[in-house]
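> Below are the chains, spelled out letter by letter.
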Amino acid sequence: MVTIENLTFDYRRSQKKLFDDFSLSIEKGKVYGLLGKNGVGKSTLLYLMTGLLMPKNGKISFNYVDVAKRLPHTLQDMYIVPEEFDLPSMPLRKYVKCNESFYPRFSMEDLEKYLQCFELNMDVNLGALSMGQKKKVYMSFALATNTSLLVMDEPTNGLDIPAKSQFRKFIALGMNEDKTIIISTHQVRDIDNLLEHVIIMDHSKVLLNEPVSNICRKLLFVETSSDKIAENSLFVSPSIQGNSMILPNTENEESAINLELLFNAMLSDTEKLKGVFNN
Amino acid sequence: MIQNNYFSFERFSLLLKKDFMESWRTILLRFVTLYAVLAVVFCFLCYKDCQLGTIQAGAENNVRYLGFTLFLFFGFGCIFASSMMEKMQSKTKRISYLMTPATSFEKYFSGFVQVVVLFIVAFFIAFKLADFTRVAIFSICYPSLDIISIDLRYLVPKNGELFNSWQALIVGFSIYLFYQSLFVLGSTLWYKKPFIKTIAAGVVIYLIFITINGTLIHFLFPNNLFGFFDAIRYCNITFDKISTLRNITILFSCLTLFNWIMAYFRFKESEIINRI
Numbered sequence: 000m001v002t003i004e005n006l007t008f009d010y011r012r013s014q015k016k017l018f019d020d021f022s023l024s025i026e027k028g029k030v031y032g033l034l035g036k037n038g039v040g041k042s043t044l045l046y047l048m049t050g051l052l053m054p055k056n057g058k059i060s061f062n063y064v065d066v067a068k069r070l071p072h073t074l075q076d077m078y079i080v081p082e083e084f085d086l087p088s089m090p091l092r093k094y095v096k097c098n099e100s101f102y103p104r105f106s107m108e109d110l111e112k113y114l115q116c117f118e119l120n121m122d123v124n125l126g127a128l129s130m131g132q133k134k135k136v137y138m139s140f141a142l143a144t145n146t147s148l149l150v151m152d153e154p155t156n157g158l159d160i161p162a163k164s165q166f167r168k169f170i171a172l173g174m175n176e177d178k179t180i181i182i183s184t185h186q187v188r189d190i191d192n193l194l195e196h197v198i199i200m201d202h203s204k205v206l207l208n209e210p211v212s213n214i215c216r217k218l219l220f221v222e223t224s225s226d227k228i229a230e231n232s233l234f235v236s237p238s239i240q241g242n243s244m245i246l247p248n249t250e251n252e253e254s255a256i257n258l259e260l261l262f263n264a265m266l267s268d269t270e271k272l273k274g275v276f277n278n
Numbered sequence: 000m001i002q003n004n005y006f007s008f009e010r011f012s013l014l015l016k017k018d019f020m021e022s023w024r025t026i027l028l029r030f031v032t033l034y035a036v037l038a039v040v041f042c043f044l045c046y047k048d049c050q051l052g053t054i055q056a057g058a059e060n061n062v063r064y065l066g067f068t069l070f071l072f073f074g075f076g077c078i079f080a081s082s083m084m085e086k087m088q089s090k091t092k093r094i095s096y097l098m099t100p101a102t103s104f105e106k107y108f109s110g111f112v113q114v115v116v117l118f119i120v121a122f123f124i125a126f127k128l129a130d131f132t133r134v135a136i137f138s139i140c141y142p143s144l145d146i147i148s149i150d151l152r153y154l155v156p157k158n159g160e161l162f163n164s165w166q167a168l169i170v171g172f173s174i175y176l177f178y179q180s181l182f183v184l185g186s187t188l189w190y191k192k193p194f195i196k197t198i199a200a201g202v203v204i205y206l207i208f209i210t211i212n213g214t215l216i217h218f219l220f221p222n223n224l225f226g227f228f229d230a231i232r233y234c235n236i237t238f239d240k241i242s243t244l245r246n247i248t249i250l251f252s253c254l255t256l257f258n259w260i261m262a263y264f265r266f267k268e269s270e271i272i273n274r275i
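Chains as they are written, first to last, in numbering that gives the first Met the number 0: chain A, 0 to 278; chain B, 0 to 275.
No lab work stands behind these hints: they were computed from the structure. C-beta: ideal position from N, C-alpha, C; glycine also. Mixed in with the good hints there might be a few duds.
Said to hold, decoys possible - Subject to a maximum C-alpha distance of 20 Å in a straight line, what follows is the list of computed PhoX-like cross-link-like pairs (lysine-lysine): (1) Lys96(A) - Lys16(B); (2) Lys55(A) - Lys267(B); (3) Lys17(B) - Lys96(A); (4) Lys36(A) - Lys204(A); (5) Lys93(A) - Lys16(B); (6) Lys93(A) - Lys92(B); (7) Lys133(A) - Lys267(B).
What the hints assert, rightly or not - Residues of chain A placed beyond 12 Å of chain B at every Cβ, according to the derived structure: (8) Arg12; (9) Phe101; (10) Ile256.
As the list claims (entries may be wrong) - The following label-pair restraints were derived from C-beta to C-beta distances: (11) Ile124(B) - Met121(A): 29 to 39 Å; (12) Leu27(B) - Asn156(A): 52 to 62 Å; (13) Lys68(A) - Leu27(B): 51 to 61 Å; (14) Ile211(B) - Glu26(A): 37 to 47 Å; (15) Ile124(B) - Lys168(A): 46 to 56 Å; (16) Val112(B) - Glu259(A): 49 to 59 Å; (17) Lys68(A) - Ile195(B): 48 to 58 Å; (18) Ser22(A) - Ile198(B): 28 to 38 Å; (19) Phe19(B) - Pro103(A): 41 to 51 Å.
Please model the entire structure based on the sequences and the hints provided.
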């Protein structure tokens with residue numbers, strides 16, 4: 000669906016290249032989590048994928064079409080929810096009326112359904128909403144466009160506590176096999192149950208690019224109150240309960256993915272964990 | 000589903016509709032400002048005429064009003080042109096605008112139609128309304144005087160002296176379009192404060208142009224500017240009025256077209272991070 004080939008990109012004022020010969024492929028019908036430290040270029044990558052920035056070298060294609068061309072046919076099949084966005088001050092119905100025609104698969108029923116997820120309705124004025132509410136409306140509209148690609152940059156930032164669980168329900172409700180959703184976030188606990196594929200980036204490199212099912216098949220995430228560290232642990236992090244550990248999943252046991260632990264493990268000992276996946 | 004990836008009239012209409020629906024308050028406010036400025040200027044001129052008793056129908060009075068109107072038309076035309084890319088003013092606005100499913104040309108053309116074509120229509124309506132306001136106010140305040148509307152026919156050569164020929168009127172309009180196109184180009188180069196930055200850049204370029212020309216004339220001709228004119232006389236170059244006006248029109252039209260094309264390509268290559 001999205002193919003990034005040998006991408007090179009830098010900001011003019013920056014001393015070094017943000018991406019150098021970077022390649023990545025995004026498949027159809029999955030919810031991707033894009034994780035990385037501050038400044039590694041997650042948002043930049045999302046902007047490049049949607050044609051909002053132009054690569055210095057290399058090519059980014061969406062359904063085999065170069066995104067840098069910004070063709071209407073491409074733009075009507077992708078939507079970006081940036082961390083900060085702009086909504087005009089007008090009634091939501093009016094906003095929908097002047098934007099829906101651009102998206103051939105837009106569904107009003109879906110929009111109402113998604114708004115209900117966030118306890119909102121169609122009879123709101125965008126100018127009278129708080130930032131968090133605007134984000135809920137914006138995300139609902141984005142998902143209701145039913146574009147093949149939905150890119151979200153820090154979608155849970157600015158949302159209240161109930162909205163974080165509502166967000167999980169919202170994504171689950173809107174997801175189907177024709178859609179791909181890429182979520183870039185630092186709030187991993189808000190999305191860890193949603194993800195089907197994890198991409199961890201660090202300085203122009205992809206440290207991990209694996210389906211969640213594969214991660215859970217190869218790794219075992221354990222919370223233990225004991226201070227005793229398992230001899231064969233791949234990564235250990237002290238927690239309030241005792242220790243959080245990643246172990247090789249030799250017995251095919253089931254455990255829920257701990258994204259925070261996995262992320263820290265990948266950054267601290269990349270080769271060790273990469274070795275597990277390469278075997 | 001519209002499949003045309005170059006220009007679709009349907010998509011262009013949707014874009015215009017979206018622009019108007021989302022920013023109708025700003026558009027209305029600008030129109031009211033246009034009307035208010037014109038009305039204030041006309042009322043001030045009319046008040047002076049009424050006080051001095053110089054109010055009269057005919058060429059002189061109309062030409063004076065039309066002179067001020069053209070000055071404001073030129074000024075507002077440039078100001079409005081510099082607002083053409085205000086949808087690209089901030090990063091959030093740029094994301095929203097660049098992600099709208101329409102071609103770069105449709106987006107550019109939608110802005111162009113608003114600030115170049117629709118501005119002329121809006122200015123004409125504001126002009127008529129301002130003139131009616133002047134006539135209404137002063138007819139009530141000075142019932143003994145015969146206050147009449149400004150006659151637009153005095154713009155054209157048959158009736159007045161503002162432009163002494165049709166060619167001169169066309170030259171005037173082509174010069175207006177050229178200056179306006181500079182502000183259109185400026186709006187694609189600088190998203191923030193484009194009007195001021197375009198004027199500043201224009202002044203700098205003008206000063207450089209004058210300096211280079213002055214230096215060249217100084218070195219090439221012994222008596223400076225007089226020497227330059229002597230050289231023209233010596234070469235027996237004569238200027239036929241009609242062909243000169245036609246050449247000026249062609250020159251300014253070409254420069255205008257060049258600026259519009261430059262502005263389009265600059266917009267087409269724009270990104271959410273302004274790298275200029």
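> Which of the listed hints are broken here?
7, 8, 9, 12, 13, 14, 17, 18 and 19
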